[in-house]
Amino acid sequence: MKSLLQKESTAWVCSVPVATVWTAPEKVRPIDTDNIMENPNINKWLQEMSREENKDLTDSNRIQTQLLYGEPVLIDEVVNGWAKIIAIWQPCQKEERGYPGWVPMSQLKEVEALTELGYARVTQNKAQLWTEDFKPLKAVSFNTLLPVKELGDFVRLHTPDGDAIIMADAVEIVAAYNRGLQANGLDIAKLGAEFLDLPYLWAGMSSYGFDCSGLTYNLMKANGISISRDAVDQALEGTEINQYDPDSWHIGDLLFFAYEEGKGKLHHVGVYYGNGLMLHSPTPGKAVEIIELADTKHETELCAVRRFTEKQYRD
Numbered sequence: 018m019k020s021l022l023q024k025e026s027t028a029w030v031c032s033v034p035v036a037t038v039w040t041a042p043e044k045v046r047p048i049d050t051d052n053i054m055e056n057p058n059i060n061k062w063l064q065e066m067s068r069e070e071n072k073d074l075t076d077s078n079r080i081q082t083q084l085l086y087g088e089p090v091l092i093d094e095v096v097n098g099w100a101k102i103i104a105i106w107q108p109c110q111k112e113e114r115g116y117p118g119w120v121p122m123s124q125l126k127e128v129e130a131l132t133e134l135g136y137a138r139v140t141q142n143k144a145q146l147w148t149e150d151f152k153p154l155k156a157v158s159f160n161t162l163l164p165v166k167e168l169g170d171f172v173r174l175h176t177p178d179g180d181a182i183i184m185a186d187a188v189e190i191v192a193a194y195n196r197g198l199q200a201n202g203l204d205i206a207k208l209g210a211e212f213l214d215l216p217y218l219w220a221g222m223s224s225y226g227f228d229c230s231g232l233t234y235n236l237m238k239a240n241g242i243s244i245s246r247d248a249v250d251q252a253l254e255g256t257e258i259n260q261y262d263p264d265s266w267h268i269g270d271l272l273f274f275a276y277e278e279g280k281g282k283l284h285h286v287g288v289y290y291g292n293g294l295m296l297h298s299p300t301p302g303k304a305v306e307i308i309e310l311a312d313t314k315h316e317t318e319l320c321a322v323r324r325f326t327e328k329q330y331r332d
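Numbering of the sequence shown is given in my numbering, commencing with residue 18 and proceeding in unit increments.
Calculated from the structure, these hints are not laboratory results.
Keep in mind the model is a prediction, meaning the values are calculated, not measured.
There may be inaccurate statements among the hints.
[Said to hold, decoys possible] Label-pair distances were calculated between CB atoms; the ranges are:
#1 His284 <-> Ala304: 16 to 22 Å
#2 Glu127 <-> Asn259: 47 to 53 Å
#3 Glu309 <-> Pro42: 41 to 47 Å
[Unchecked claim] Keeping only pairs whose Cα atoms sit at most 35 Å apart, straight-line, the calculated DSBU-like set for lysine-lysine is:
#4 Lys152 <-> Lys126
#5 Lys44 <-> Lys280
#6 Lys72 <-> Lys111
#7 Lys111 <-> Lys143
#8 Lys166 <-> Lys72
#9 Lys314 <-> Lys207
#10 Lys61 <-> Lys282
#11 Lys101 <-> Lys152
#12 Lys152 <-> Lys111
#13 Lys44 <-> Lys155
#14 Lys61 <-> Lys303
#15 Lys314 <-> Lys155
#16 Lys126 <-> Lys143
Every residue gets a Cβ at the ideal spot worked out from N, C-alpha and C, and that includes glycine.
Using the sequences plus the hints, can you model the full thing?
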């Protein structure tokens, strides 16, 4: 299928710090108004949702994933102010081009395609973008990737709002969106611990909140490893490790879980933290945590262990 509105010299990108990708426009509820505005207020949206409304994002299959500022999309059609998009940086089985869903057209912008000097990847939880005359522009999430125009103590970036500046110590420079400084399992686990107590958010892909596979996707991405967006796809990637031999697991391996004592539908993923521990983003109403696997439902539901790193650390 040929996407609409695409030119070779330009790309459509997310123009807000975090854009939520909806299953369909009619899935939006009145409580979601702050999320779908031209300038969405993610904090207000999250704070005003009740626990039941938050859980309903999952139960009613309202949202699919999220986009970060500057992340490119393909647009297949536009209907009543909504764009049917493909998130091309988020591989999945649902669509060979990337992750599908719907986003308000007001949260997208057409920009000049520019990648010659690579990308600056935000390494902080949140980082401030500045205009060229050093006025605050936007606060952007961890793992935001923006094309580089000029290096220095301040890095000049190509953004949906024009040229912008960010402090060099807030980013790392990578050659491409899917190529970074590849790290080891210990680095993955350490980075995950920086998000302890961050609330779970179904479909979450930012430092405002992750779901289980959003966390693992982003931890891998930050460490130079490209994997699929969803747990069911991640479980088919990397190197298979014997799930029945915990002594063979290494820190940073991904642990996968399925209903019916590991025989049913896959529903969860976490990061092995060593010493029988797991770091994960559990469920609505909870937050990123480290738990012991022993004597939990996770111990009986384990269905796969996969390794994505070359350098290994045992516990």
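Hints versus structure:
At about 18 Å, the beta-carbon gap between His284 and Ala304 stays in the expected band of 16 to 22 Å. For the pair Glu127 and Asn259, the supplied restraint of 47 to 53 Å holds, since their beta-carbon distance comes to about 49 Å. Under the hint 41 to 47 Å, the C-beta atoms of Glu309 and Pro42, about 43 Å apart, fit the expected range. The hinted pair formed by Lys152 and Lys126 meets the criterion: a straight-line CA distance of about 21 Å does not exceed 35 Å.
Between Lys44 and Lys280 the CA atoms are separated by roughly 31 Å; this keeps the pair inside 35 Å, and the hint holds. The straight-line distance between the Cα atoms of Lys72 and Lys111 is roughly 23 Å, inside the 35 Å bound, and the hint therefore holds. This hinted pair checks out: Lys111 and Lys143 have alpha carbons roughly 30 Å apart, not beyond 35 Å. Restraint check for Lys166 and Lys72: not satisfied, since their Cα atoms lie roughly 42 Å apart, outside the 35 Å limit.
Of the pairs offered as hints, the one joining Lys314 and Lys207 holds, with about 25 Å between alpha carbons and a cut-off of 35 Å not exceeded. With a C-alpha separation of about 34 Å, the suggested pair Lys61 and Lys282 falls inside the 35 Å cut-off, and the hint holds. With a C-alpha separation of about 34 Å, the suggested pairing of Lys101 with Lys152 holds against the 35 Å cut-off. Proposed proximity of Lys152 and Lys111 is contradicted: the alpha carbons are some 41 Å apart, above 35 Å.
Proximity of Lys44 to Lys155 is assessed by CA-CA distance (about 28 Å); at most 35 Å being required, the pair is judged to hold. For a cut-off of 35 Å, the pair hint linking Lys61 to Lys303 stands: about 18 Å separates their Cα positions. For the given pair, Lys314 sits about 42 Å from Lys155 by alpha-carbon distance, which is inconsistent with the 35 Å threshold. Of the pairs offered as hints, the one joining Lys126 and Lys143 holds, with about 22 Å between alpha carbons and a cut-off of 35 Å not exceeded.
Consistency note: the structure conflicts with the earlier hints numbered 8, 12 and 15.
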